[in-house]
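2 protein chains.
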Amino acid sequence: MSRDVKAHVGKEITIRGWLHKKRLLGGLNFILVRDRAGVTQVVVEDEAEIEKLRGLHIGTVLEIVGKVHDEERAPSGAEIRSPKIKITVAVTEESPIEIDKPLSHKPDNLDTLFDNRVIGLRNLQERAIFQIQSKVLEAIDEYFHQNDFTEMNTPKLLAGATEGGAEVFKLDYFGKEATLAQSAQFYKQMMVGVFERVFEINPTYRAEPSATTRHMTEYITIDAEMGFVTFEELRNFAGGMLRHIVEKVWQDCEPQLKMWNAAKPELADPIPSMPMLKIHELYSKEHGVDTTAEDDLRPGEEKWISEYAKKNLGTEAIFVTEWPVSSMKFYHKVNEENPKVADRSDLLFRGVEIATVPMREHRYEVLVKQLKEMAKGDPEAPGFKYYLQAFKYGLPAHGGFGWGLERTVEKLIGLQNVKEATLFPRDINRLTP
Amino acid sequence: MSRDVKAHVGKEITIRGWLHKKRLLGGLNFILVRDRAGVTQVVVEDEAEIEKLRGLHIGTVLEIVGKVHDEERAPSGAEIRSPKIKITVAVTEESPIEIDKPLSHKPDNLDTLFDNRVIGLRNLQERAIFQIQSKVLEAIDEYFHQNDFTEMNTPKLLAGATEGGAEVFKLDYFGKEATLAQSAQFYKQMMVGVFERVFEINPTYRAEPSATTRHMTEYITIDAEMGFVTFEELRNFAGGMLRHIVEKVWQDCEPQLKMWNAAKPELADPIPSMPMLKIHELYSKEHGVDTTAEDDLRPGEEKWISEYAKKNLGTEAIFVTEWPVSSMKFYHKVNEENPKVADRSDLLFRGVEIATVPMREHRYEVLVKQLKEMAKGDPEAPGFKYYLQAFKYGLPAHGGFGWGLERTVEKLIGLQNVKEATLFPRDINRLTP
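Heads up: the sequence lines are chains A and B, in that order. One gets my numbering by counting positions in the first sequence from 1 and adding 3 to each. One gets my numbering by counting positions in the second sequence from 1 and adding 3 to each.
Be a bit skeptical, because a hint or two may be false.
Just so you know, same-sequence chains aren't split out, so a pair can sit in one copy or run between any two.
Once the Cα atoms are required to be at most 25 angstroms apart in a straight line, the calculated SDA-like pairs of lysine to any residue come out as [said to hold, decoys possible]:
(1) 267 <-> 331
(2) 375 <-> 92
(3) 388 <-> 119
(4) 261 <-> 151
(5) 179 <-> 371
What the hints contain is simulated information worked out from the structure, not anything from laboratory work.
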């Protein structure tokens with residue numbers, strides 16, 4: 004992903020890009036030119052060429068023809084000298100923010116960052132986040148195709164809310180009410196009956212009424228579902244995906260990772276599992292509290308157990324298993340040996356849950372019973388009717404995951420807020436740019 | 004993508020799948036078992052094994068262990084004999100539709116098809132459409148990555164409507180009004196300033212008030228944008244993508260294409276271009292009408308010129324160029340030599356427009372002028388303010404395309420309606436399943 008200017012030493016090349024930095028004060032006169040590959044240093048000594056750059060600001064689009072020379076101190080280990088410069092688009096106003104400086108966005112100052120997003124993303128370090136994200140997506144596609152999954156796209160405009168609850172956006176649909184999909188949950192399960200293994204990568208919508216470091220109203224979910232799978236096989240498949248992402252990103256994105264001093268995650272193979280109760284016990288003992296009766300992990304517990312796993316198990320990812328049935332969804336599967344827990348796992352990575360990885364109840368009668376008892380749902384309602392058809396006419400044991408793209412990138416790089424890993428984040432307070 | 008049972012002749016194998024057809028009437032007793040790879044014929048002669056299948060219906064989930072024998076007449080050229088059958092999930096009710104029969108969906112009977120979508124997709128021919136679609140997506144990802152594009156995801160929840168007009172869905176966003184994105188247009192152009200080459204594949208929303216064979220309210224668009232590109236290079240890049248899709252699909256999806264008798268498209272390299280006026284003239288001469296003053300092609304003209312191009316130019320895809328400025332968007336670019344036409348092209352494939360491939364006006368002052376004059380737009384409005392920033396601080400000559408996934412698959416296979424190539428279509432009359 005970085006331009007190999009060094010490979011052209013001794014040759015004349017043409018580069019087209021943006022003026023990224025300008026230093027024409029006498030002594031060593033040079034500019035930096037940014038393009039999709041990185042920045043190239045161009046030494047400008049000819050007065051006529053310097054003249055062309057007078058009054059022009061960062062962002063100016065230009066074309067440079069010149070000869071490449073070795074230069075240890077240049078960003079790419081080489082530089083262009085004696086250039087012929089052609090100005091393609093002149094920028095005559097100074098940028099509202101400095102883009103050639105190292106990034107200094109602070110978790111308490113993100114609004115400035117996002118208000119200036121359009122130009123701010125031209126900063127190399129900021130841009131690197133999304134070059135890494137693109138590589139994560141490429142790795143995910145590759146992993147699914149290697150494992151014989153069919154890619155699909157299911158609708159986000161729905162007649163009823165999938166997960167129920169208040170956090171659903173509603174809209175007028177030609178006089179009827181429609182909702183925006185809170186997940187692809189039902190569709191991906193239905194499609195196990197057709198394709199056996201499916202995935203989709205699409206936006207997901209939650210009318211999340213609070214601005215946190217972990218939630219947005221629109222985000223990208225990697226949804227997968229596999230038929231004929233055991234809970235252990237499912238976790239190993241999900242764990243394999245995280246490992247594949249890490250290997251691919253650390254192989255192809257070295258310059259971008261360096262900008263963030265990102266350390267390659269240690270990941271055990273397979274990624275270990277720990278029952279929720281055990282985590283509660285370990286945490287309670289360490290912190291002098293008692294969380295053992297709680298049916299979810301506290302954010303503090305997620306962080307702590309991640310540190311514990313790194314130190315004691317040599318892994319920065321861990322599955323939390325044996326979730327109390329009191330917090331299960333109606334479509335989750337109760338464990339066959341211990342009816343107090345569901346076959347659900349959450350994949351914690353560097354202190355935060357990046358994926359929920361549960362098995363589903365696949366037996367029609369049991370599912371209808373759970374729907375009625377746990378969700379007070381009507382099997383004939385449009386939101387459930389079609390879903391249940393798939394089970395009535397045969398679905399095997401299956402499970403899958405909903406995996407957050409932005410959280411994964413956030414934690415790979417070591418950011419503090421999921422919005423930093425989102426091009427144009429959306430929350431209760433933000434609908435622009 | 005098809006199970007190579009034949010490769011296991013002489014060996015014992017285990018398959019897990021769905022009962023797809025059952026013929027246990029004496030004589031030759033056999034079942035077909037469907038899984039993600041295809042169907043496998045299993046000859047059942049042992050009375051105890053036949054007994055297990057009594058009363059069970061299509062969709063029953065089962066596991067088969069048996070030996071593979073050569074058998075020319077079986078779907079995969081081989082079959083399993085003397086199986087041990089294990090019923091995993093028994094289906095005790097007959098499916099509301101026949102899924103093991105050749106498909107007989109008619110353009111005038113699509114409601115039945117879609118009402119029964121959840122089970123109907125288990126039909127092999129129906130399923131094949133979406134296996135091909137998955138391959139198209141894989142080919143597209145591959146093509147973009149080979150050409151150094153960055154994949155991104157831009158928001159679909161917006162403060163204002165991108166394209167304006169009435170065909171926009173509106174929703175309540177915590178007391179404010181939000182709209183659903185009609186395109187990624189503005190974002191992809193802004194991101195040229197950051198990544199030079201970008202793409203995204205995401206849902207697009209249009210409150211299209213009529214049910215046609217070409218439109219839906221939610222569909223998948225492949226959005227791309229390239230900086231430092233000429234109009235000709237852009238068309239060649241888009242044409243190359245169509246060729247790459249065709250090569251990949253015809254290489255990997257032979258069984259699925261056969262089910263639809265899909266003929267491999269003839270595509271010239273490069274795909275030729277023809278000015279709109281010339282198409283009007285050819286069509287008018289042939290049909291005894293006069294369309295030469297019109298600023299768009301009639302659907303009949305799109306079909307006719309596609310047939311003409313196939314017959315006379317040996318290509319089933321053609322670019323329509325030189326669009327009258329009277330129908331251009333404010334962000335399109337007027338041709339430098341002929342100010343009566345815009346540098347826009349539409350890619351016609353087998354009679355329908357599958358992509359719009361225009362150059363953009365990249366000069367800030369000209370764009371602001373066009374926005375005010377053509378769209379009566381306010382440069383300070385939230386829908387335009389951020390967009391214009393990208394130009395003010397430097398964007399090179401650029402162009403891109405919005406490309407319809409479902410239309411492409413429809414035409415590759417030879418379907419009649421874009422909804423046939425959509426898992427769960429949405430239009431003014433349909434919001435379920």
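Against the structure, the hints:
For a Cα distance limit of 25 angstroms, the shortest separation of residue 267 from residue 331 qualifies neither inside one copy, at 34 angstroms, nor across copies, at 49 angstroms. In this assembly of identical chains, residue 375 and residue 92 lie within 25 angstroms of each other by CA distance solely across copies; the values are 22 angstroms between and 64 angstroms within a copy. For a Cα distance limit of 25 angstroms, the shortest separation of residue 388 from residue 119 across copies, 11 angstroms, qualifies, whereas the shortest one inside one copy, 46 angstroms, does not. In this assembly of identical chains, the alpha carbons of residue 261 and residue 151 lie at most 25 angstroms apart only when taken from different copies (20 angstroms versus 34 angstroms within one copy).
With identical chains, the CA atoms of residue 179 and residue 371 are never at most 25 angstroms apart, being 27 angstroms at best within one copy and 38 angstroms at best between copies.
Comparing the model with each numbered hint stated earlier shows that hints 1 and 5 do not hold.
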